[in-house]
Amino acid sequence: MTQLETVPGADAVLEDLLAGRWSCRAFKHREVPRDVIERVLALAQRSPSWCNTQPWGVIVTSGQGTERFRSALAAHARSADFGSRPDFPMPDGYYGIYRDRRRECGWQLYDAVGVARGDREASARQAFKNFELFGAPHAAIITTDTGHNVYGAVDAGLYVGAFLLAAQSLGLGAIPQAAIARCSPFVRDFFGIPDDRRVLLGISFGYPDRDDPANSFRTNRAPLSEAAQWVDQ
Numbered sequence: 438m439t440q441l442e443t444v445p446g447a448d449a450v451l452e453d454l455l456a457g458r459w460s461c462r463a464f465k466h467r468e469v470p471r472d473v474i475e476r477v478l479a480l481a482q483r484s485p486s487w488c489n490t491q492p493w494g495v496i497v498t499s500g501q502g503t504e505r506f507r508s509a510l511a512a513h514a515r516s517a518d519f520g521s522r523p524d525f526p527m528p529d530g531y532y533g534i535y536r537d538r539r540r541e542c543g544w545q546l547y548d549a550v551g552v553a554r555g556d557r558e559a560s561a562r563q564a565f566k567n568f569e570l571f572g573a574p575h576a577a578i579i580t581t582d583t584g585h586n587v588y589g590a591v592d593a594g595l596y597v598g599a600f601l602l603a604a605q606s607l608g609l610g611a612i613p614q615a616a617i618a619r620c621s622p623f624v625r626d627f628f629g630i631p632d633d634r635r636v637l638l639g640i641s642f643g644y645p646d647r648d649d650p651a652n653s654f655r656t657n658r659a660p661l662s663e664a665a666q667w668v669d670q
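The C-terminal residue of the sequence shown carries number 670 in the numbering used here, and the numbering is unbroken.
The hints are simulated quantities; they were obtained by calculation from the structure and are not laboratory data. Remember, it's a predicted structure, so these values are computed and weren't measured experimentally. There may be inaccurate statements among the hints.
As the list claims (entries may be wrong) - Mimicking EDC-like on lysine to aspartate or glutamate, the simulated pairs with C-alpha atoms at most 16 angstroms apart in a straight line are: (1) LYS566 - ASP649; (2) LYS465 - GLU569; (3) LYS465 - ASP626; (4) LYS465 - ASP646; (5) LYS566 - ASP633; (6) LYS465 - ASP648; (7) LYS465 - GLU504.
What the hints assert, rightly or not - Taking CB as the label site, the calculated pair distances span: (8) PRO622 - ALA447: 40 to 50 angstroms; (9) GLY543 - VAL473: 24 to 34 angstroms; (10) PRO470 - GLY598: 20 to 30 angstroms; (11) VAL444 - ARG536: 37 to 47 angstroms; (12) GLN545 - PRO660: 10 to 20 angstroms.
Think of the CB as a built atom: it goes at the ideal place given N, C-alpha and C, for glycine as much as any other residue.
With the hints as constraints, model all of the structure from the sequences given.
In structure tokens form, the structure reads like this:
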């Protein structure tokens with residue numbers, strides 16, 4: 438038997454982590470100790486990848502590094518140079534059930550923080566918090582090797598999932614942000630990321646402020662019947 442098969446209740450532990458994780462949009466003004474961040478990174482490093490290539494890379498900010506990035510990112514988002522220029526194409530659009538799920542998530546957030554339907558100014562203010570890292574004390578920029586194309590993005594995506602669960606297991610809150618990926622040229626220039634790396638996304642993380650209304654709701658998951666197809670013969 439494998440080591441995992443000898444651990445009673447391991448699936449329940451994983452289920453608790455998956456069920457308990459959420460996209461944290463408000464954080465305490467308290468830095469995470471370096472050893473805790475290193476533990477998150479060490480756990481995430483166990484993520485699987487094609488032929489064990491491990492194409493992901495991560496840049497982690499703390500202290501003044503976070504504040505410099507937050508300030509510069511917000512200023513960029515307010516500038517005339519701001520535009521959506523991701524390294525990986527964004528979705529062409531959301532249709533059918535995908536649009537419905539996206540809208541449901543958005544309205545859950547707006548209802549939680551008191552944004553009325555149709556209040557575009559308030560919704561824009563909420564969206565802009567992406568570029569303020571939601572007040573998090575740390576940011577992680579996830580990159581992948583350019584030559585690995587879509588499979589490098591898949592491998593790095595698996596790393597992101599492992600990072601989020603590792604953070605959850607250590608009492609941290611985190612939120613993956615495609616909004617930061619829209620600023621890929623700015624992010625690359627700010628951190629000096631070489632041309633052989635692509636920016637996948639950013640993750641803001643820290644200790645969650647559980648009293649903030651933005652953290653008061655949880656999204657739903659579709660039943661297996663909508664996701665799984667069985668072929669028995």
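query = Has the given pair, LYS465 with ASP626, been kept, meaning a C-alpha gap of at most 16 angstroms?
reply = With a Cα-Cα distance of about 29 angstroms, the restraint between LYS465 and ASP626 is violated, given a limit of 16 angstroms.
ask   = CA of LYS465 to CA of ASP648, is that 16 angstroms or under?
value = Status holds; Cα separation ~10 angstroms.
ask   = Should the hint that GLN545 and PRO660 are 10 to 20 angstroms apart at their CB atoms be regarded as holding?
value = 19 angstroms, holds
query = Between LYS566 and ASP649, is the straight-line Cα distance small enough, at 16 angstroms or below?
reply = Between LYS566 and ASP649 the Cα gap is close to 14 angstroms, so the pair holds against 16 angstroms.
task = Given the hint that LYS465 pairs with GLU569, test it: the Cα-Cα distance must not exceed 16 angstroms.
result = Roughly 14 angstroms between the alpha carbons, so the hint for LYS465 and GLU569 holds.
request  = Go ahead and decide if the range 20 to 30 angstroms is satisfied by the Cβ distance of PRO470 to GLY598.
outcome  = 23 angstroms, holds
Verdict for GLY543, VAL473 (Cβ pair) under range 24 to 34 angstroms = 32 angstroms, holds
ask   = For the pair supplied as a hint, LYS465 and GLU504, is the alpha-carbon distance within the 16 angstroms limit?
value = 15 angstroms, holds
query = Does ASP633 lie within 16 angstroms of LYS566 when you go C-alpha to C-alpha?
reply = Judged against 16 angstroms, a Cα distance of about 30 angstroms means the pair is violated.
inquiry  = Would the hint linking LYS465 and ASP646 be met if the CA-CA limit is 16 angstroms?
reply    = 5 angstroms, holds
key: Whether the CB-CB distance between PRO622 and ALA447 falls inside 40 to 50 angstroms   = At roughly 43 angstroms between Cβ atoms, ALA447 and PRO622 fall inside 40 to 50 angstroms, so the hint holds.
query = Do the Cβ positions of VAL444 and ARG536 conform to the proposed distance bound of 37 to 47 angstroms?
reply = Given about 41 angstroms between the Cβ atoms, the range holds.
Comparing the model with each earlier hint shows violations of hints 3 and 5; every other hint is respected.
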